[in-house]
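Novice: Next come the chains, spelled out residue by residue.
There are 4 protein chains.
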Amino acid sequence: MIITMKKLAPQEEIDRMVQSIELKGLHVTMISGTDYNVFGVVGDTTILDDRKLSASPYVDNVQRVSAPYKLANRVFHPADTVVDVSGVKVGGSEPIVVMGGPCSIESESHTDEMARLVGEAGGRIFRGGAYKPRTSPYAFQGLGSEGIRYMAVAGKKYGLPIVSELMSIDKLDEFVENVDLIQIGARNMQNFDLLKEVGKTKKPVLLKRGLANTIEEWLMSAEYIMAGGNENVILCERGIRTFEKYTRNTLDLSVVPIVKQRSHLPIVIDPSHATGDRKLVEAMSLAAIAAGADGLIIETHCDPPHALSDGAQCLYPSQFAFLIEKGREIARVVGRDL
Amino acid sequence: MIITMKKLAPQEEIDRMVQSIELKGLHVTMISGTDYNVFGVVGDTTILDDRKLSASPYVDNVQRVSAPYKLANRVFHPADTVVDVSGVKVGGSEPIVVMGGPCSIESESHTDEMARLVGEAGGRIFRGGAYKPRTSPYAFQGLGSEGIRYMAVAGKKYGLPIVSELMSIDKLDEFVENVDLIQIGARNMQNFDLLKEVGKTKKPVLLKRGLANTIEEWLMSAEYIMAGGNENVILCERGIRTFEKYTRNTLDLSVVPIVKQRSHLPIVIDPSHATGDRKLVEAMSLAAIAAGADGLIIETHCDPPHALSDGAQCLYPSQFAFLIEKGREIARVVGRDL
Amino acid sequence: MIITMKKLAPQEEIDRMVQSIELKGLHVTMISGTDYNVFGVVGDTTILDDRKLSASPYVDNVQRVSAPYKLANRVFHPADTVVDVSGVKVGGSEPIVVMGGPCSIESESHTDEMARLVGEAGGRIFRGGAYKPRTSPYAFQGLGSEGIRYMAVAGKKYGLPIVSELMSIDKLDEFVENVDLIQIGARNMQNFDLLKEVGKTKKPVLLKRGLANTIEEWLMSAEYIMAGGNENVILCERGIRTFEKYTRNTLDLSVVPIVKQRSHLPIVIDPSHATGDRKLVEAMSLAAIAAGADGLIIETHCDPPHALSDGAQCLYPSQFAFLIEKGREIARVVGRDL
Amino acid sequence: MIITMKKLAPQEEIDRMVQSIELKGLHVTMISGTDYNVFGVVGDTTILDDRKLSASPYVDNVQRVSAPYKLANRVFHPADTVVDVSGVKVGGSEPIVVMGGPCSIESESHTDEMARLVGEAGGRIFRGGAYKPRTSPYAFQGLGSEGIRYMAVAGKKYGLPIVSELMSIDKLDEFVENVDLIQIGARNMQNFDLLKEVGKTKKPVLLKRGLANTIEEWLMSAEYIMAGGNENVILCERGIRTFEKYTRNTLDLSVVPIVKQRSHLPIVIDPSHATGDRKLVEAMSLAAIAAGADGLIIETHCDPPHALSDGAQCLYPSQFAFLIEKGREIARVVGRDL
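Taken in order, these protein sequences are the chains called S, P, Z and L.
According to full-length UniProt numbering, the first sequence is numbered sequentially starting from 1.
According to full-length UniProt numbering, the second sequence is numbered sequentially starting from 1.
According to full-length UniProt numbering, the third sequence is numbered sequentially starting from 1.
According to full-length UniProt numbering, the fourth sequence is numbered sequentially starting from 1.
In short, the hints are calculated from the structure, not lab data.
Where hints are given, some of them may not hold.
Heads up, simulated DSS-like pairs for lysine-lysine below, C-alpha to C-alpha not over 30 Å straight-line [said to hold, decoys possible]:
| # | chain 1 | residue 1 | chain 2 | residue 2 |
| --- | --- | --- | --- | --- |
| 1 | P | 326 | L | 70 |
| 2 | L | 203 | L | 70 |
| 3 | L | 7 | S | 260 |
| 4 | P | 52 | Z | 202 |
| 5 | L | 245 | L | 326 |
| 6 | S | 260 | Z | 326 |
| 7 | Z | 156 | Z | 326 |
| 8 | P | 279 | Z | 245 |
| 9 | Z | 202 | Z | 245 |
If you only want the chain P side, here are some residues facing chain Z, beta carbon under 8 Å, derived [as the list claims (entries may be wrong)]:
| # | residue |
| --- | --- |
| 10 | 6 |
| 11 | 8 |
| 12 | 11 |
| 13 | 37 |
| 14 | 38 |
| 15 | 40 |
| 16 | 47 |
| 17 | 242 |
| 18 | 243 |
| 19 | 318 |
| 20 | 322 |
We treat Cβ as the ideally placed atom computed from N, Cα and C, and that holds for glycine.
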């Protein structure tokens, strides 16, 4: 960490700052600038709060050299983490995992049909929304517990672990009992109370990147979960918010090699929410695999125009199956199974 | 609402869509385009889900003409809403309200001192964080209930209603009992479960705009609270995320006249979090008042360099007092008291 | 095009607007809204200026249904455009073209060596910067004409057409004579005078997307060139500006399927400038091919750490060659040669 | 400047980098990190190219402590620059200058009328577009030289210096002769050839911030002009591009205090282009004055609905006059005349 103090900082202020840092077991080296006083801090700087250091009127700025996350950092954990989702392994050199299913769970028979179709096509985890984060209070909010129950039944029947979004702490027990992979949605990526609670379980967590969150903040949210004792975190990119209007969000595929370099956690791509448009999903899915992703999570529906939510981005089942076939060929080129 | 269907859409698909909309009591008018089939939908379109309509492979796009919010919409409620925060009125032609206090509540004596300083300077609501949303799990997380208690005591002593951030539903009772104005933070602007719960109370709510949320989404979140029966919503802008690096966020002051035109709800500006830099707070506060804001929420601390969080953006008490004086003069020019 | 007028708009204002549009040969249909007067405009709306229509105080908003570009629009030109760059064909079902070379041209011998290496590795167009857009006036500004000469000599020797960036109209003759593919850089994407001038030539143009430009604005800039009579436009995505800090820019790969759907022009990806980091280039290149790109433009240098500019994003020649090999395998999966 | 090298960097690579920097007359200090080798560079680091230093595979990152601009930097030029625009002084403690006029120059009589109205209302510089940067090749492109002539005549008649946008080097002589303040538009902020050419004149320059450019890049573009010998640069903020859709751009008013702190150059605000909506212009103008701006540039038109361009954001003359009156009162509160 590099701290730059103003040239006019009185010596006693400088001494006070240096001492407060050294008291925490870190070392401070001075580099005497011509226009500034610059200090280097060596040691475990994750325990320092940069905004607190910046508070002194004599401090010009504070810059980190090493990342503020530790448990999620590949520097300290060189080996890939492989997360076991009720038997389906995600990450490392394991086969690429495709998760599929409808945006919203709609009925028991529909859920059964969708799980069957996903499994037949080669999907290995069944996704579906029972509690739905909707921008409008007047939109369909999901079937809730009933939806979770339909998913759990269908998942067992077809041998597919299930993933669904948890929005609120008071449903945590229900999810721990019935869901194999707990999704934390983009809007809750910095709902720190929720992160802390899932961190106390051992359940695998699919942590979506927030719409306007940096990769560093995303890894810090993973760190929250891991700091609680739960290291089973899978990261999921689902597009970020930009000025572009032809897509719902902008899919940032560069996260794949970046996450692989900076972290040991698995990384999965969600091209459905990222693009918001089924016509773009196949191209972005193949691109994600070529880039080295550990998995995909894709919306598919047997009748997209009549889906209860987000039908515009749902693949028809035949498109879903075709995508997996094509994806398998791309996977082979980059040395992975699917 | 305008729905554009592809030229090649079969007549039966067109009929089906038109019928499904008319069944909801809306009227559909056709405009026959040269390259598209364009339909206009007339009536209460807030009940339609644009993403669901877009799901048909024959639909090219769906555009709203009128806003998707109703209760928060000035069109249907021309008169300004004035929110009464335990006696302090915010909005309409009421005097501009300055809310002040430290980022984090630190101790009982410090809280008492800060409340006294805020009141003496002309602040009318006392702010402070007891539950803190921190990016790092290793940073100070706030005093919790203890902090709320210190605030409640100090607020009563100096006659200042208090505002503090609620992060989790399980603390709602504590807030309803002890806090005068419940803050929903930027990271929770789309924590819909939380919005629904505060919507069931009658407590005034300070709803911060999310870092990457449009004004429309912000008003939709207000709509969530109001749809539950709680119309006491005050909007608060605290900066949005952009590419600029010299400020923590970019303060979007144009929200002031926009919110005034589109909604009847009061609008308050938080220049401390928006800029992240105390050297910018005075200029942005005066600008906010000149733009027509109904209030300000400002961080102030008796010893910013030793504040437990966000000291870099805290004003010294003398700066806070000076700002109120200057702000009062600007307020007069735009026809308001302060 | 849909025009929404306020409910209180006087009839004479409505009539005036309708007439002014009909005078241009377009048809106007009215849809009587409950809260607004909404009109649909049918015909060639590219000749209407939406901002001019919005100028009336009685107009609430103006929304386009069809795109504002015509020559670049696939609706009116269903067949893929294939651009012939001095014998190397780009677009349609032609083999994917890899363009390679250093960021800056440095010396005659170095240019010769780089062209040889690019050709040997399978690159088919030689890239290099002679006139350099640099953020700092104190940074190396390129060799200018001398650099163009070196490139032209080396390109001929190794049978590679050359591409280089044109920054100013006064160098246009030099480029028309010596360069096979004229690059318009991201910073000049809306330098309309420059676009008009290259539009008067028949030279192929590589039009980079501006850092903060929408796909629609990009296609409008292509339209500028095409409206002048030059239809040899190749689009090039090189990353957009977002809040993310771990990459120089955010590569928006979704442009590949979007451009293919909306336009008939070829689309090429520049992963070097998009990421700014050589460690990310291979993954993003393979992803671009999987997504369906018609080509890649990649920086490579025989000694990146001593490159005169942008060494951090340059591939070593062996990396460049390896990338082409891998890329060829991916290309085959998506049905293309390389 | 702080350079972080990987722990595994061989000593000879480290030595080579240190030597190359010391050869330029700078000093290098080492801070031995636990996980990295960190170096501090002291001296005039504006001559170093950070991207070139990052090129070594052993360098992890490079961070600047001091700004990369020198001539525009207040550290080296503490006194405010006051730019004299043919007698009208802008900056320092001079009265706030309001520039007004139509978006596009339309005819001789209209120009005369507009200049008269601007002068009568208290505007002190007359603005107008003769060469127009339009997104669409099919939109009105301006009257060109004829428009400049109309402006020059009207400006002289009413004693108002004139400001207009220069888009291309080949019109520079025309502008030097006829225009008092040369505007460099947002789209050309990084048209470095154009910046260099205006840098060779002594004409005052109004440098608009690019739509997606950081304040640092903006000051670097000012540096380009100043490095050529022309120190008469006025900065102009006109909104940046964000995800928000209710405004054309997002006006970033925090630039006012930031520019005042980091630079000595005057700063002017353009609320018309920033918001794109006349209903927001007054509020944003008053806010800009309250924030400390040195001037405003505002579009006004005697008949906005029939303006040839951008009528939606043009004020009616009475609104323009009212704004100046109100602005004068705000100016007084912040200690300035207008």
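Novice: For each hint, tell me whether it holds in the structure or not.
Specialist: Against the structure, the hints come out as follows:
1. P/326 - L/70: violated, 34 Å
2. L/203 - L/70: holds, 21 Å
3. L/7 - S/260: Since the Cα atoms of residue 7 of chain L and residue 260 of chain S sit roughly 19 Å apart, the hinted pair holds (cutoff 30 Å).
4. P/52 - Z/202: This hinted pair is violated, its Cα atoms lying about 46 Å apart.
5. L/245 - L/326: holds, 29 Å
6. S/260 - Z/326: Distance of about 19 Å is within 30 Å: holds.
7. Z/156 - Z/326: holds, 27 Å
8. P/279 - Z/245: Satisfied, since the Cα-Cα distance of roughly 24 Å is no more than 30 Å.
9. Z/202 - Z/245: Violated - the C-alpha atoms of residue 245 of chain Z and residue 202 of chain Z are around 40 Å apart, more than 30 Å.
10. 6: violated, 11 Å
11. 8: This interface hint is violated because 12 Å lies over the 8 Å limit.
12. 11: violated, 19 Å
13. 37: Violated. Min distance 10 Å.
14. 38: holds, 6 Å
15. 40: Holds. Min distance 3 Å.
16. 47: Constraint on residue 47 of chain P not satisfied, violated at 14 Å.
17. 242: holds, 7 Å
18. 243: Since chain Z brings a Cβ to about 5 Å from residue 243 of chain P, closer than 8 Å, the hint holds.
19. 318: violated, 35 Å
20. 322: violated, 33 Å
Comparing the model with each numbered hint stated earlier shows that hints 1, 4, 9, 10, 11, 12, 13, 16, 19 and 20 do not hold.
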